[in-house]
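Chains as they are written, first to last, in the numbering used here: chain A, 1 to 196; chain B, 1 to 196; chain C, 1 to 382.
Heads up, some of the hints might be wrong.
Taking lysine-lysine and the DSSO-like style, the derived pairs with C-alpha atoms no more than 27 Å apart in a straight line are [what the hints assert, rightly or not]: (1) C:Lys254 to C:Lys201; (2) B:Lys17 to C:Lys187; (3) C:Lys193 to B:Lys10.
If you are wondering where the hints come from, they were derived from the structure by calculation, not from laboratory data.
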Amino acid sequence: MSPLAIEEVKKNLEARLPDVKLRLVGDSLLIENPEDLPRVALFLKENPKFLFDYLSSATGADYLTFLESVYHLYSMAQKQGPVVLRVRVTKNNPRIPSLAPVYRSAELQEREAFDTFGIIYEGHPDLRRLFMWEEFQGHPLRKDYEQEDAEVLEAADIAWLEARGIKIPDEMKEKAKTLQAAGQRAITRKPEKPRN
Amino acid sequence: MTIFGWGVFKGMMVTLKNFLTSYFRKPDEGGIFTVQYPEEREKAIENFRNFPFLVYDGSPEKIRCVACGICERECPPKCIHIEMEIDVAGKPTRKPAVFDIDYGLCMNCGMCEEVCPFDSIFMDHAFEVTAPERNEGLVRNKKELSKSNEYFQKVRPTLASSIDQKRKAAEEKKKAAAAPQGVGGQAQPPQGQEPK
Amino acid sequence: MEIINALKNTDETQILEINFGPQHPSTHGVFRMTIQLEGEKICGLKPVFGYLHRNHEQIAENLPYAAIMPYTDRLDYVNALANNFGYALTIEKLAGLEVPERAEYIRVIMAELARVVNHITVIGFMLNDLGAFFTPLLYAFRERERILDLFEEITGSRLMNNFFRFGGVKRDLTNANLAAIQKIVSKFPAFLKEFEALLTKNEILCMRCQNIGVLSGDTATNAGITGPVLRASGVNYDIRKVDHYSIYDRFDFKIPLGEKGDVYDRFYVRVLEIRESLKILEQALAKIPAGEIINKKSLPLLKMPRNFKPPVGEAYGRVESPKGELGFYVVSDGTPQPWRYHVRAPSLINLTVLEEMCLGQKIADAIIILGSIDIVLGETDR
Chain A
1 MSPLAIEEVK
11 KNLEARLPDV
21 KLRLVGDSLL
31 IENPEDLPRV
41 ALFLKENPKF
51 LFDYLSSATG
61 ADYLTFLESV
71 YHLYSMAQKQ
81 GPVVLRVRVT
91 KNNPRIPSLA
101 PVYRSAELQE
111 REAFDTFGII
121 YEGHPDLRRL
131 FMWEEFQGHP
141 LRKDYEQEDA
151 EVLEAADIAW
161 LEARGIKIPD
171 EMKEKAKTLQ
181 AAGQRAITRK
191 PEKPRN
Chain B
1 MTIFGWGVFK
11 GMMVTLKNFL
21 TSYFRKPDEG
31 GIFTVQYPEE
41 REKAIENFRN
51 FPFLVYDGSP
61 EKIRCVACGI
71 CERECPPKCI
81 HIEMEIDVAG
91 KPTRKPAVFD
101 IDYGLCMNCG
111 MCEEVCPFDS
121 IFMDHAFEVT
131 APERNEGLVR
141 NKKELSKSNE
151 YFQKVRPTLA
161 SSIDQKRKAA
171 EEKKKAAAAP
181 QGVGGQAQPP
191 QGQEPK
Chain C
1 MEIINALKNT
11 DETQILEINF
21 GPQHPSTHGV
31 FRMTIQLEGE
41 KICGLKPVFG
51 YLHRNHEQIA
61 ENLPYAAIMP
71 YTDRLDYVNA
81 LANNFGYALT
91 IEKLAGLEVP
101 ERAEYIRVIM
111 AELARVVNHI
121 TVIGFMLNDL
131 GAFFTPLLYA
141 FRERERILDL
151 FEEITGSRLM
161 NNFFRFGGVK
171 RDLTNANLAA
181 IQKIVSKFPA
191 FLKEFEALLT
201 KNEILCMRCQ
211 NIGVLSGDTA
221 TNAGITGPVL
231 RASGVNYDIR
241 KVDHYSIYDR
251 FDFKIPLGEK
261 GDVYDRFYVR
271 VLEIRESLKI
281 LEQALAKIPA
291 GEIINKKSLP
301 LLKMPRNFKP
311 PVGEAYGRVE
321 SPKGELGFYV
331 VSDGTPQPWR
341 YHVRAPSLIN
351 LTVLEEMCLG
361 QKIADAIIIL
371 GSIDIVLGET
381 DR
């Protein structure tokens, strides 16, 4: 939406919900307190002036010091342009109330944000990983995620394989023992300088 | 009033019509369009891009590539590996010593052809590419990748002729700029052939 | 004794949980559903994703913007041109690039051809899933082959086109290409007539598709469903008409709407959309002007993609892909690589209502309902 229209939405929100603190970031509304998110979304959905009844995209982003969850709302009834809502949380306590009770399209998209960023949505009916398998550790799209090396076995992997009767060559066992003694995990290292 | 089953009957008539006309219609109009590959082949389409190849003018030593490394940098899956040749004095010559393309990684996007500033790498039509092993067998080195300009003219006539024209015009401009001022003041460019 | 007791209580049924597994000819890719059955009726359905997850978003965070274009082809691999369109539109919004006239017309022509290809493929496969074993599918594929040969001449590849660039398109259309498109467009209605005679009033199709998998308009809006599935439920929302992106507001075309929201409506809305796309194609072919095909400012970008640094900011660009709303959310931090890149995939979101539509139906109907939603796993799992 154009900056003028976002100003109008912000004024309306501040008039109707006076205790919600908002801030304009670019063309989007930043909701300072994550707990206010469902109220703001419900207001935008049901107010007859706006009728933003369609949540197009709910995604996450990692900005190194904080995690962010971004929502794009459109109106199918009145064919109006996007309103972008943002919510920021820290990495130590990434809890945001879920928009799934308000918009059903957030169900699968919030599961994806949980899988890839680790943002925990409270009130989501079924919050589990979407793409990765259940026992996967880590959140891949965070900037500090370290990729496991697929070709080097660790001591725990060797124990699991040998318990199922698979023979492991000796050099792989030696490498795993050195890693375990050093207390490290098998991580791929990016080259220090890219080739070009 | 239509009897029950009339829609199915009409559908069967369509199938029957297609079946009977396939005997005497041309392939484009509803006849049999199967091409008995490999004895017959379809006409090759010039713009089809499959794997890349390098062009040389005349003999494989006169390869157009100068080992600048731009295609290596821009290749999205990073399947090109180039090393410039260093002559006995330690100075880099402008020729590649090693030019490897891993056909197993190449995704036929054509970015290398788009970014090459020296008109030396182009996309080939060859799709019957086989190798005895899965990983090493598909890496093609400089000797296998170099193909002559005549081959280039054969598979991609319009592109090859326009590249040839461009190179000829650039050469003539260079010769005209380097030629000494003749009697009368005007340096005459040599009479070139008419463009095709 | 236990056996005799068990035999006495034979009117108790158990809930059977089966795996509509990743390997299945009718799931349009590696898609898994765990279905709980009571006899032959479905009482629970949970889709499981991730079998084709290729981490497209993280790959894109390490590549320059122009190099991501070949990867976007592989998202919705049935019609790669729609994905290219969405991505090019988003980056043009982010960097403020304008597109010349002729390039806009070429983009619309290629996008509508891709829409025709996609809808024929979907209808053909849906009929294949119904049991009309391959005959309507191969009739549809005959027409699709003509269009794919055309794509090969213009873009270089039948499926993975990689044709759009920021600020225009890669290669111009020659007069021979335009004549070939005109020939396809004029022969297509005859094929559609034959297809409709084969199928639309077919009693078996009607009995198997009508009143199956009904979806109401309000549920669809709330669940974020877009595309032909939404329009078959009666909601008039087409991004080509709402957002006025590219030059779609110069063409005169209608939006077909359904009434009941069942499988038959979704199938028929797609047939009508093919007709509307043919109308757009005829108008575009008549009016296409001469001119450049790419913005002059982005020509150096074609030679050195690593130097393209869009301004700091974010953009969300969306297009009406044949499957729904395809959105790209790109956050740029001034470096040649994007900071955050997200694809809003219609196939994933449209599956939110799969369970609700399938409850109470028989398992053979679940296959048809899945086919009518039109998913492709490259997009769902990215």
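Evaluation of the provided hints:
1. C:Lys254 to C:Lys201: holds (23 Å)
2. B:Lys17 to C:Lys187: Since the Cα atoms of Lys17 of chain B and Lys187 of chain C sit roughly 18 Å apart, the hinted pair holds (cutoff 27 Å).
3. C:Lys193 to B:Lys10: Roughly 12 Å separates the two Cα atoms, so the pair holds.
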